[in-house]
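Residue-level listing of the chains:
Protein chains: 2
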Amino acid sequence: MPAPKKNGLQTVWFQNPPVIISTATIVGSKEGQGPLGHTFDKVVEDNYYGENTWEKAERRMLKEAMQNAIQRANLQPQNIDYLLAGDLLNQIISADFVARDLGIPFIGLYGACSTMYEGLALGAMLIDGGFAEYVLVGVSSHYSTAERQYRYPTEQGTQRPLYATWTVTGAAAAVLARQGNGPVITHATIGKAIDLGQGDPMNMGAAMAPAAADTMARHLMDTQRQPDYYDLFITGDLGTYGRELALKLMQQKGYDISTRFSDCGVLIYSPEQDAHAGGSGCACAGVVTCGYLMQEIKAGRLKRILGVATGALLSLCSYQQGETIPGIAHAVVIEGR
Amino acid sequence: MPAPKKNGLQTVWFQNPPVIISTATIVGSKEGQGPLGHTFDKVVEDNYYGENTWEKAERRMLKEAMQNAIQRANLQPQNIDYLLAGDLLNQIISADFVARDLGIPFIGLYGACSTMYEGLALGAMLIDGGFAEYVLVGVSSHYSTAERQYRYPTEQGTQRPLYATWTVTGAAAAVLARQGNGPVITHATIGKAIDLGQGDPMNMGAAMAPAAADTMARHLMDTQRQPDYYDLFITGDLGTYGRELALKLMQQKGYDISTRFSDCGVLIYSPEQDAHAGGSGCACAGVVTCGYLMQEIKAGRLKRILGVATGALLSLCSYQQGETIPGIAHAVVIEGR
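Top line first, the protein sequences correspond to chains A and B. Going by UniProt numbering, the first sequence opens with residue 1, and the numbers climb by one from there. Going by UniProt numbering, the second sequence opens with residue 1, and the numbers climb by one from there.
Check each hint, because a few of them may be wrong.
[Unchecked claim] Example chain A residues on the side facing chain B (calculated, C-beta under 7 Å, incomplete):
| # | residue |
| --- | --- |
| 1 | Leu9 |
| 2 | Val19 |
| 3 | Ile92 |
| 4 | Gly111 |
| 5 | Thr158 |
| 6 | Thr186 |
| 7 | Lys192 |
| 8 | Leu196 |
| 9 | Gln198 |
| 10 | Gly199 |
| 11 | Asp200 |
| 12 | Met202 |
| 13 | Leu267 |
| 14 | Gln320 |
| 15 | Gly322 |
| 16 | Pro326 |
[Stated by the list, open to error] Part of the chain A face toward chain B, derived, beta carbon under 8 Å:
| # | residue |
| --- | --- |
| 17 | Val12 |
| 18 | Pro105 |
| 19 | Gln159 |
| 20 | Leu162 |
| 21 | Leu249 |
[Unchecked claim] Pairwise CB distance ranges (calculated):
| # | chain 1 | residue 1 | chain 2 | residue 2 | range |
| --- | --- | --- | --- | --- | --- |
| 22 | A | Leu196 | B | Ser29 | 48 to 56 Å |
| 23 | A | Gly180 | B | Arg225 | 47 to 55 Å |
| 24 | B | Gly254 | A | Arg301 | 55 to 63 Å |
| 25 | A | Leu9 | B | Gln71 | 19 to 27 Å |
| 26 | B | Lys303 | A | Lys42 | 19 to 27 Å |
| 27 | A | Asp274 | B | Gln33 | 42 to 50 Å |
| 28 | A | Gly180 | B | Gln156 | 38 to 46 Å |
| 29 | B | Asp228 | A | Asp101 | 52 to 60 Å |
| 30 | A | Pro153 | B | Gln226 | 33 to 41 Å |
| 31 | B | Gln179 | A | Gly157 | 55 to 63 Å |
| 32 | B | Gly254 | A | Gln321 | 18 to 26 Å |
| 33 | A | Leu196 | B | Ser258 | 21 to 29 Å |
| 34 | A | Gln179 | B | Gln71 | 52 to 60 Å |
Because the hints were derived from the structure by calculation, they are not lab data. These figures come from a predicted structure and were not determined experimentally. Yeah, the Cβ is synthetic: ideal placement off N, Cα and C, and Gly gets one too.
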C-alpha cells in the first residue's frame with residue numbers, strides 16, 4: 001500500500017515532484033500592450049483571430065497554446081496520458097473541442113478562474129501517483145465571450161464599476177512530466193468553496209479573497225512554514241481590491257505576507273489601460289504563470305512561489321436567483337532547480 | 001519512484017483497488033415510477049422539492065444524496081479529503097453550492113453526462129495514488145433545469161423526436177475509500193472526445209455511441225480481456241438507438257457484446273412512460289450505478305461489470321454556431337467481493 005501523502009491535511013506533497021517541462025502562452029492585444037506583454041509567446045491583434053465568432057477565436061488560441069506546449073516538450077499528442085482542461089464558457093466548449101482535435105484522453109475541469117491550478121494540482125497527483133508519464137494542462141478565456149455570456153451584450157458598452165475586473169483574452173498550456181528539466185511542483189493545496197455572503201457579480205475580487213486567504217493560511221499551517229519560506233505569494237485574479245482584502249484576512253489569521261504578495265490580475269494591465277481593478281478569467285493566472293512566472297523561476301529571480309489561482313463560483317442563473325458568490329482557490333508550490 | 005500503473009496504455013489499474021463503501025440516490029417521480037423505482041433510496045414527488053426554483057430543487061437533491069452517502073459511511077464531511085462533483089448546469093452551480101455547504105476541498109468536474117464516472121475514475125486514482133483516504137463523488141440533473149437551459153422553455157411543451165432522451169431528475173453520490181467493505185474499482189479507462197460529425201442535439205445517443213465503443217474497445221485491448229470476462233457492459237445514457245449503434249461499432253471493432261450490453265438510460269424508464277429513447281443526464285448513470293447496479297453486485301448477481309458513462313460535449317452556443325457534437329465516455333471496472 002502506498003504511503004499517504006497528506007495524513008488528513010488539506011495539503012499533499014509529492015514524493016517525486018512532477019516537472020513542468022514546457023509551457024506556452026498566447027494573448028490578445030490589450031494583454032500584449034500591458035507590462036507583461038514581452039513575456040508572452042504570441043500577441044494576437046485581431047479579436048476574432050481570423051475566425052467568425054469570438055468563441056471560435058478563444059478555441060483557436062487554446063489549441064495553439066496546447067500544440068506549442070506539446071511541441072516544446074518534444075512530444076506528440078499521443079505521448080500525453082491526460083489532457084486536463086477547462087474554461088469559462090458554458091459546458092467548457094473551448095476545452096471540449098480542443099480535446100476532440102487533439103485526441104488525448106480528456107478530463108474536463110471546471111474551477112472558474114482557478115482552473116489552471118486545479119489542473120496543475122490534479123496533474124501532479126496523477127503523475128506522482130503513477131498514473132501518467134505526461135499530462136497536458138490548459139485553460140483559456142476571452143473578454144468578448146465572457147462579457148456576453150456573463151454580463152451584457154459586448155456591443156452595448158455598459159459602464160463597469162471601478163472594482164470590476166477585465167477578462168483576460170488568451171490561453172495557456174503546460175506539460176507536466178515525471179522526469180525532465182524545468183521547475184517542479186512540490187505541493188498542492190485543494191481549496192474549499194468559501195462564501196462570506198458577497199453577491200455582486202461585478203465585485204469578484206471580494207467574493208474570492210476569503211477563499212484565497214483560507215487556502216494560503218491552510219497551506220502554511222499544513223506545511224508548518226512561515227511566509228518568508230516563499231519568494232512570492234501570487235493569487236490569480238483578485239485584482240487591486242481583492243488583493244487588499246486577502247492581505248487583511250491573512251493578517252487576521254496571523255500571517256503577514258505584505259512584502260511578498262502579488263496578484264496576476266494586478267500585474268497584467270497597467271493603470272493607464274483602464275482595466276479598472278485588474279485582469280480576471282481562466283487565462284489570467286494561466287498566462288502569467290506559464291509566461292512571466294516561469295521565466296522568473298527559470299532565471300533564478302524567483303526560487304519558490306506559492307501560486308494560488310482563484311475562482312468565483314457563480315452563473316448568470318445563480319445570480320438571477322439571488323444567490324451569493326462562493327469563491328474557491330487552489331494552491332501549488334512551484335520551485336526552481 | 002512509484003511503478004507506472006498504465007505503461008502507455010489508456011487504461012490504468014489499481015494496485016490496491018479503492019472500495020465503494022457507500023452510495024446514495026434520490027430521484028423524481030417519473031424515475032420512481034420506472035422499472036428501477038424500488039432501487040432508489042428516495043423518490044421526490046414534488047418537482048420543486050419544496051424550493052422556489054427547479055435549480056434549487058436539483059441542488060437540494062444533490063446535497064441530500066451526498067449527506068446520505070457520508071452518513072452511511074459513518075463519516076463526517078471533515079473526514080472526506082476531496083469532493084469530486086459536477087452537473088449539467090452552466091458553471092456546474094449545483095455542485096458549486098453543495099461544495100460550499102459541505103466545506104470539503106472541492107475539485108469541480110465537467111464531463112456532461114459522463115461526470116459520475118469521471119469522478120469515480122479520478123477518485124480511485126487519488127486514493128490509490130496515496131493522496132486521499134476518502135473521496136466523495138456526486139452528480140445531479142433535473143429534467144426541468146436541463147430542458148430550459150439546453151432546449152426550450154419547459155412550459156412550451158415542444159414536441160420531441162422519438163430519438164430524443166429524457167433528462168433524469170435525481171442525484172447520486174458515492175464514497176470511495178482506501179479500505180472498507182463494498183465493491184471495488186479495479187481499473188479505469190479515461191476516454192477521448194470523439195466526433196463523427198453528428199450535429200443534432202436531440203439525437204445525443206448517436207453523438208455519444210462512437211465514444212462509448214471507442215472506450216470499451218480500448219479497455220478490452222489494454223486489459224487483453226474478452227467480452228465474456230464481464231457480466232455486463234453498461235453505458236450511461238445512449239438510449240435505445242445509441243445502444244444499437246454502439247453495439248454495431250463494437251462488432252466492427254471485433255467485439256461481440258450483444259449478450260451482455262445494457263444502458264442505464266434504457267433501463268430507467270419503461271416504454272409506457274413515453275420517455276422516447278430513454279433517460280439521459282448526469283443522474284442517469286449516477287442513480288442506476290449507485291442504486292440498481294450496486295445492489296446487484298452486492299447481492300452477487302453481478303460479479304464484474306464495465307460501467308461506461310457517456311457525455312455529449314455541446315453547449316447551446318456551440319450548436320448555434322453550427323458545430324457538431326463530440327462525445328466522450330469514461331469506463332470503470334466495478335467488482336464485487
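Evaluated hints:
no., hint, verdict
1, Leu9, "9 Å, violated"
2, Val19, "13 Å, violated"
3, Ile92, "5 Å, holds"
4, Gly111, "5 Å, holds"
5, Thr158, "20 Å, violated"
6, Thr186, "14 Å, violated"
7, Lys192, "5 Å, holds"
8, Leu196, "11 Å, violated"
9, Gln198, "12 Å, violated"
10, Gly199, "13 Å, violated"
11, Asp200, "17 Å, violated"
12, Met202, "16 Å, violated"
13, Leu267, "26 Å, violated"
14, Gln320, "9 Å, violated"
15, Gly322, "10 Å, violated"
16, Pro326, "4 Å, holds"
17, Val12, "5 Å, holds"
18, Pro105, "4 Å, holds"
19, Gln159, "25 Å, violated"
20, Leu162, "25 Å, violated"
21, Leu249, "17 Å, violated"
22, A:Leu196 x B:Ser29: 48 to 56 Å, "37 Å, violated"
23, A:Gly180 x B:Arg225: 47 to 55 Å, "34 Å, violated"
24, B:Gly254 x A:Arg301: 55 to 63 Å, "57 Å, holds"
25, A:Leu9 x B:Gln71: 19 to 27 Å, "24 Å, holds"
26, B:Lys303 x A:Lys42: 19 to 27 Å, "54 Å, violated"
27, A:Asp274 x B:Gln33: 42 to 50 Å, "58 Å, violated"
28, A:Gly180 x B:Gln156: 38 to 46 Å, "55 Å, violated"
29, B:Asp228 x A:Asp101: 52 to 60 Å, "36 Å, violated"
30, A:Pro153 x B:Gln226: 33 to 41 Å, "56 Å, violated"
31, B:Gln179 x A:Gly157: 55 to 63 Å, "59 Å, holds"
32, B:Gly254 x A:Gln321: 18 to 26 Å, "51 Å, violated"
33, A:Leu196 x B:Ser258: 21 to 29 Å, "56 Å, violated"
34, A:Gln179 x B:Gln71: 52 to 60 Å, "43 Å, violated"
Taken one by one, the earlier hints fail for this structure at numbers 1, 2, 5, 6, 8, 9, 10, 11, 12, 13, 14, 15, 19, 20, 21, 22, 23, 26, 27, 28, 29, 30, 32, 33 and 34, listed in ascending order.
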